[in-house]
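Asks: Now for the letters of each chain:
Protein chains: 2
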Amino acid sequence: VFRRKQGIDVRTRHEVTELDLEQRRVRVRDLEGAKEWWEAFDLLHIATGAAPFVPAVAGADAAGIYTVSTLQSGIRVRRAMDERKPRRAVVVGGGHVGLEMAEAFLMRELDVALVEMMPQVMNTLDPDMGALVSDEVRREGIELYLDERLEAFEVGDDGHVRALVTNRRTLPADIVVLGLGVRPNSDLVAQAGVPLGIRGAIRVNERMETGIEGVWAAGDCVESFHMVSRQPTYVALGTVANKQGRVAGINIGGGYATFPGVLGTSITKFCSLGVAQTGLRTSEIEALGLEYATAQIEGSTAAHYYPDAAKITVKVLAEKGSGRLLGGQIVAGGASRVDSGSDAYLAAKRIDILATALQAGMRVDEMLNLDLAYAPPFSPVWDPVLIAVRQVIKSL
Amino acid sequence: VFRRKQGIDVRTRHEVTELDLEQRRVRVRDLEGAKEWWEAFDLLHIATGAAPFVPAVAGADAAGIYTVSTLQSGIRVRRAMDERKPRRAVVVGGGHVGLEMAEAFLMRELDVALVEMMPQVMNTLDPDMGALVSDEVRREGIELYLDERLEAFEVGDDGHVRALVTNRRTLPADIVVLGLGVRPNSDLVAQAGVPLGIRGAIRVNERMETGIEGVWAAGDCVESFHMVSRQPTYVALGTVANKQGRVAGINIGGGYATFPGVLGTSITKFCSLGVAQTGLRTSEIEALGLEYATAQIEGSTAAHYYPDAAKITVKVLAEKGSGRLLGGQIVAGGASRVDSGSDAYLAAKRIDILATALQAGMRVDEMLNLDLAYAPPFSPVWDPVLIAVRQVIKSL
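Chain order of the listed sequences is F and G. Position in the first sequence (first residue = 1) + 1 = the numbering used here. Position in the second sequence (first residue = 1) + 1 = the numbering used here.
Derived by calculation from the structure, the hints in this document are not laboratory data. Glycine included, every Cβ here is placed at the ideal spot set by N, Cα and C.
If the Cβ cut is set under 10 Å, some of the chain G residues that face chain F in the computed set are:
1) His97
2) Glu101
3) Leu238
4) Ala242
5) Leu264
6) Gly265
7) Thr302
8) Ala358
9) Leu359
10) Gly362
11) Glu367
12) Ala374
13) Ser380
Full structure from sequences and hints, please.
Replies: Pasting the structure below:
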């Protein structure tokens, strides 16, 4: 379809095994036919993405241990659910993938344990906000083991995982999912001499061109510019990848476009809880040596008397002196069972107010009188985001 | 409680009947004791609000015809529902109050007719967006009469309304609600010489002081500054009133605060539909003589494959040349019965992204790469607001 409609010669099941920047060519292997050849290029675009991290511990290659990144990898987990009918799942890692998989296992009525190396789940949040998520994980009936490190897997005679061993205990497991983050797929281009940035991600400029002229890159394999810290960062998120791909495509096609960078905005749903953040968190602000103030308020997603009003906690971080907004975090909804059908988690999408203000470089005093939408089903008279802004101004 | 805790001498059931700016005093009447006296002031704050408009047509004072503004007025309607058990309601006016009352009558299983003078309901929206709301009103089973003007009421021998007469037909009615907007309560202060602005609202400066030194005003009785048109406007909304009241209070208390103005942001829920707007609409832009482009896109409130994904229509208006964002309108959800429990209407709260960008004075090209929150339950990879922004940029 692509070849016919767009004039693009798409080759699936073909792997690039080597990149030759001197002679501007790539070594291609046909995974079906086992042929190999050199393919010349004028311009090269790298979109190799990232791969889930699998720690080098004993038993990590046993059957029944999964990572989840592609559609295909999700189908594999579902097939294992149908075929082996596991009764007990252990999830390693309490980030986006870990929490989403834990929820999926709960919905399938498995016993679920979650192991996280850090003192909280969602460790991209400040500890006070992360604690709200940890509480909710326990409330939904998950055995939560914080501050515990995966050390090995016990494998049965059938080659299938039987248990997970941490530094503190052994947890029986019929199925294991690893949600330990991703690493950029940059080995091949690094070997060829394309410069890398932080965390092994490919360094690119605002137009998404790498350090090598005519070689472009976008998505989970590249480094990003953080618009608040003004330093390099690594963000592997679909919405960023998509925006970067658009910019790279315009430039490769002879146009001109720039990508301004990222705020690290992210959002996730765990059962009836919505969790979102944007900008810098406390530890990042401290690492930059900035003086800051924070405010955390507990409010309501709707007018307090409205039937579906749910709890929302908003934290705002701002710079002392300048009053510049630095970041924000939201936890909304929760305290209800998986199947309750409450959509209170949607209120976490209010993070977009803070993301827009951050990208516009607003000061918190400029945000105080933001003319946000109010009607009882949607918000209290003062939106919880503005209540948090009012609060942080007092501490500046 | 107020007197004890805050040192404020609150007198309910006392009416101010005259304002004497020369001698800095107000004439007070005790509605219980029928006493009257002059009360002196150093500083005066006017928070007289607004009153629902009642047209001077025959029968308008009949029993069974209601306006809804205060809590008390809502209780009166509910009491009438319980006592007279009306089977057929007629609502006049298709704005916020009209639509909310129509929904309330539907939930009480009444037959509902809605009469609107303009060619669409929600006539603060552009016609193409308003048509989506009119369609939903009909889909929910309301008899909708557009382009029809209320001319009189027919009143029964018992003094109770029996029917509503328009320029085209007679509509039987057991109960009538008028949702025809409000008028600022400014007669008293105008007689005393306090200068008024547009639509009879009290003119105030950025600190909420009227044209008379030491006389302050805030809320539904005052004129506002529109931050996009940079012209006076009249907005009677609780969230604006509350923000203005805070600014007036700080200034009256000897502090210093300013109110930057309004964007005209508003939101409402009609059954499962959310309707929101901010900034200028097409007719307002044309009246200002600005050159503009618009884009209207139909998207999804969540990833298209996500179970609860609902329809969302976003319209964005931007200035040609400068690329400045001018306004936006959102209609989300809909096409489901009153009791479906769908919360898709909440997606209209995305208007806050546009409101924040407007208040920050962003150009649409600056908004293109806004780092908004994405995860499948919350949004497509490109938020519908950004898809509309992309679209409008092409027309600039």
